[in-house]
Structure formats: C-alpha cells, structure tokens
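Chains as they are written, first to last, in this note's numbering: chain A, 1 to 100; chain B, 1 to 199.
No lab work stands behind these hints, which were simulated from the structure alone. Just to be clear, a hint being listed does not mean it is correct.
[As the list claims (entries may be wrong)] Below are the EDC-like pairs computed for lysine to aspartate or glutamate, each with C-alpha atoms no more than 20 Å apart in a straight line:
1) K79(B) / D9(B)
2) K62(A) / E176(B)
3) K65(A) / D167(B)
4) K39(A) / E34(B)
5) K35(A) / E34(B)
6) K79(B) / D167(B)
7) K35(A) / D165(B)
8) K39(A) / E102(B)
9) K26(B) / E64(A)
10) K79(B) / D165(B)
11) K35(A) / E176(B)
[Claimed, not checked] Quick look at which bits of chain B chain A covers, simulated, 3 or more residues with Cβ under 8 Å:
12) 7-21
13) 53-59
14) 80-94
15) 142-151
[Unchecked claim] Incomplete in silico selection of chain A near chain B, CB under 7 Å:
16) Y10
17) F16
18) L19
19) I22
20) T32
21) V40
22) G45
23) T47
24) I48
25) A51
26) Y53
27) I54
28) I72
29) L83
30) K92
31) L93
As the structure is a prediction and not an experimental result, all values here were calculated from the model. Just so you know, even glycine gets a beta-carbon here, dropped at the ideal spot from N, CA and C.
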Amino acid sequence: MAATEHSLWYKVWRPFLILFLITAAEFIVAFTVPKGVVKVTLFVGMTIAKAFYITAYFMHMKFEKVSLAYIIISPLILLLALLAALWYEGAKLFHLLLGG
Amino acid sequence: MMWVFLLSDAFTFGSFLTAYGFIRFKSANWPDPEHVFDAAPLIGHGYPLVFVGIMTFILIVSSVTMVLSVEAGHRFDRKGAAWYLFLTIIGGLTFLGCQAWEWTHLITGDPAHSHVTITQSIIEHKPMAPQFGQFFFLITGFHGSHVLSGVILNLVVLIQILRGDFDRIRNYNRVENIGLYWHFVDLVWVFVFTFFYLV
Numbered sequence: 001m002a003a004t005e006h007s008l009w010y011k012v013w014r015p016f017l018i019l020f021l022i023t024a025a026e027f028i029v030a031f032t033v034p035k036g037v038v039k040v041t042l043f044v045g046m047t048i049a050k051a052f053y054i055t056a057y058f059m060h061m062k063f064e065k066v067s068l069a070y071i072i073i074s075p076l077i078l079l080l081a082l083l084a085a086l087w088y089e090g091a092k093l094f095h096l097l098l099g100g
Numbered sequence: 001m002m003w004v005f006l007l008s009d010a011f012t013f014g015s016f017l018t019a020y021g022f023i024r025f026k027s028a029n030w031p032d033p034e035h036v037f038d039a040a041p042l043i044g045h046g047y048p049l050v051f052v053g054i055m056t057f058i059l060i061v062s063s064v065t066m067v068l069s070v071e072a073g074h075r076f077d078r079k080g081a082a083w084y085l086f087l088t089i090i091g092g093l094t095f096l097g098c099q100a101w102e103w104t105h106l107i108t109g110d111p112a113h114s115h116v117t118i119t120q121s122i123i124e125h126k127p128m129a130p131q132f133g134q135f136f137f138l139i140t141g142f143h144g145s146h147v148l149s150g151v152i153l154n155l156v157v158l159i160q161i162l163r164g165d166f167d168r169i170r171n172y173n174r175v176e177n178i179g180l181y182w183h184f185v186d187l188v189w190v191f192v193f194t195f196f197y198l199v
C-alpha cells in the first residue's frame, strides 16, 4: 500500500479540517448571501469540493491507481449528460401536459 | 467491487436528487428550509440549521474514526481497528437517533409552529407543496437506511475483528471495504445536506 508513505496529518486530519472549514463556510453563506444564482453556485461549488476531499482522501482514491479514478468518474460525467437531457425533456413534457 | 457497487448507488441517489431538483424548480409554494428546519432538541425553535449542522458534524467525525480504523488495520493493530470501528458505530447510531428525532418532530409538528408539520402538507396540500415532504422522507429515509445497513455491517466486521479473523488471514481488506461504504454514506449526506437544508 502506497498509503503508508504519508503521515496521518496529511491523510486524515488535514482533509478533516478542510471539510470542517468548508461546512462552516456553508453556514456563513447560508445566513449572509441573499437567495439567488450566486448562492446556489457557491453551495454547489463547496459541495463538490467536499465530495472531492471525501473521495480523494477518506476513500483514498488519490492513492490508488489512476485507472480506478477514470473508471468511477467517467460514468458520472456521462450521468450528468443524461440528467441534463432528462431535465430538458421533462421541462418540455411539463409544458406540454400542464401548460406550465 | 465495492467501488462499482458505490457507483451504481451514486446513480440511484443522483436520480432521486435530480427528480427532487426538477420538481422543486417547478413548484410555486416550495417552503423555505430555514423555516422548516429551525428546531433542535432542548433549545426549541428559532435556530435554523443548528441541528442539521450537528448531524453533519457527527457524520464527518464518524468518517474520520473510520479512516483511523482502516489505518490501524493496515498496521495489523487489532485493538486500534476495533476501537475506532466501535467509535464509528457510535457515531452512526447517534446520527440515526438525531434523524429519528427530526422525523418525529416534522411528522407530529408543534401546535405553536404549524408550518413544520410536513405530514399535514402531504395530506392537505397546504401550506406548502406536498412534494416537499414526499421527497424529504424518500431521500433522507433512503440515506438513513444506508446508514443503518452501514452500522449493521460495521457491527459484523467489529465482531470479526475482535474474534481475530483478520489476524489469522493477515488481511484487513474487509475493514477497508466497509470503510469505503461508510465514506460513501457520508458523501451522499454532503449532497443531501446541501440540496435539502441549504439551497
């Protein structure tokens, strides 16, 4: 295991601290930034940052073979494309059926 | 194999959250999360997001103890792995307890704060979009059942650690696998937390 080369600080406590700080920042944003596109964008960005630290460090994807990351992440990118298409289609159907 | 299973599970949660986002986008009277989730045990109402903040913190900490357990397993430290896995189980149970409290609170409501009664909204279609409660209970329930199965799996592996199964075969891979599952549950919560409680 390559993971043993790194210190516990690097593998556990630093990511934990970052996750904690991002969550704290989320609360600050929740109470200060007015509702709107900016707020949602900030939240989504911070969520993806948290997701990165959990998968890269806690699930130690960062310390595995690179091909594993490709295997897991590429279907998720395709999933995003599918969701965008479904979203578009769903909006059209809503419009058609409900006139909304 | 665990990674592939988690990928498929990510698809399930992804489709739930997308459906939720779509319906929310289309609904006119979607409730403000800061009003719905403003209660906590002992201190009462008027503290938005405090309780869910505690829940989020508990889950992140339980992820950390899980990492420490896996790390102890790498060193064939049986006691360390068992101890940290035990702490992880405690964290998971605490999270489930918090969720049980929150559900109870949202279902039974509070006469002084009728806006928190989600079940009423599902039955009577007021004062909020009925889909709010339907999606809330579907998605947090699905996540909670993942936490519950994670706790059960952790318990099984904890017994196996204590019996010395993994020392006998000189292989702590199973701790690593349930660790992956546990972190995934934490990962899903990060998304649920953002899209239900914050946005």
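Results for each hint:
A threshold of 20 Å between alpha carbons decides the hint, and for K79(B) with D9(B) the separation of about 32 Å lies outside it, so the pair is violated. The suggested pairing of K62(A) with E176(B) holds, with an alpha-carbon distance near 15 Å, which does not exceed 20 Å. For a cut-off of 20 Å, the pair hint linking K65(A) to D167(B) is broken: about 26 Å separates their Cα positions. Simply put, K39(A) and E34(B) have alpha-carbon atoms about 14 Å apart, close enough for the 20 Å limit, and the pair holds.
Proposed proximity of K35(A) and E34(B) is supported: the alpha carbons are some 12 Å apart, at most 20 Å. At roughly 11 Å between alpha-carbon atoms, K79(B) and D167(B) fall within 20 Å of each other, so this suggested pair holds. A distance of roughly 54 Å separates the Cα atoms of K35(A) and D165(B); the hinted pair therefore is violated under the 20 Å criterion. For the proposed pair K39(A) and E102(B), the alpha carbon gap of about 26 Å is over 20 Å, so the pair is violated.
Distance check on the hinted pair: K26(B) and E64(A) sit about 42 Å apart at the alpha-carbon level, beyond 20 Å; violated. Between K79(B) and D165(B), the direct Cα distance comes to roughly 13 Å. Compliance with the 20 Å bound is thereby established for this hinted pair. Distance hint between K35(A) and E176(B) is unfulfilled; the C-alpha atoms sit about 41 Å from each other, more than 20 Å. Requiring three or more residues with a Cβ within less than 8 Å of a Cβ of chain A, the coverage given for the stretch 7-21 of chain B holds, as 6 such residues are present.
Counting residues of the stretch 53-59 of chain B whose beta-carbon sits less than 8 Å from any beta-carbon of chain A gives 3, enough to reach three: the coverage restraint holds. Look at the stretch 80-94 of chain B against chain A: 0 of its residues bring a Cβ nearer than 8 Å to a Cβ of that chain, fewer than three, so the hint is violated. For the stretch 142-151 of chain B, the stated coverage by chain A is violated: 0 residues have a C-beta nearer than 8 Å to a C-beta of that chain, whereas at least 3 were required. Taking 7 Å as the C-beta cut-off, the interface hint given for Y10(A) is violated, the closest approach to chain B being about 12 Å.
Look at F16(A): its Cβ gets to within about 5 Å of chain B, closer than 7 Å, so that hint holds up. Among the interface hints, the one on L19(A) holds; its C-beta lies about 5 Å from the nearest C-beta in chain B, closer than the 7 Å criterion. This hint is violated: I22(A) has a C-beta 9 Å from the nearest C-beta of chain B, more than the 7 Å allowed. A hinted interface residue such as T32(A) counts as satisfied when its beta carbon comes closer than 7 Å to some beta carbon of chain B; here the least separation is about 13 Å, so the hint is violated.
Interface restraint check: V40(A) against chain B, minimum CB-CB distance 6 Å, threshold 7 Å, status holds. The criterion of a C-beta within 7 Å of any C-beta in chain B is not met by G45(A), whose closest approach is roughly 10 Å, and the hint is violated. This hint holds: T47(A) has a C-beta 4 Å from the nearest C-beta of chain B, less than the 7 Å allowed. With 7 Å as the threshold, the beta carbon of I48(A) stays out of range of chain B, its nearest partner Cβ sitting at about 9 Å, so the hint is violated.
Taking 7 Å as the C-beta cut-off, the interface hint given for A51(A) holds, the closest approach to chain B being about 6 Å. At about 10 Å, the closest approach between the beta carbon of Y53(A) and any beta carbon in chain B exceeds 7 Å, and the interface hint on this residue is violated. For I54(A), the interface hint holds, since its Cβ comes within 7 Å of a Cβ in chain B; the closest pair sits about 5 Å apart. Annotation: interface hint on I72(A) holds; nearest CB of chain B at approximately 6 Å, less than 7 Å.
Taking 7 Å as the C-beta cut-off, the interface hint given for L83(A) holds, the closest approach to chain B being about 5 Å. A cut of 7 Å between beta carbons decides the hint on K92(A): the least distance to chain B is about 12 Å, and the hint is violated. Hint status for L93(A) relative to chain B: violated, with the closest Cβ pair at about 11 Å, above 7 Å.
In this structure, the earlier hints numbered 1, 3, 7, 8, 9, 11, 14, 15, 16, 19, 20, 22, 24, 26, 30, 31 are contradicted, and the remaining ones agree with it.
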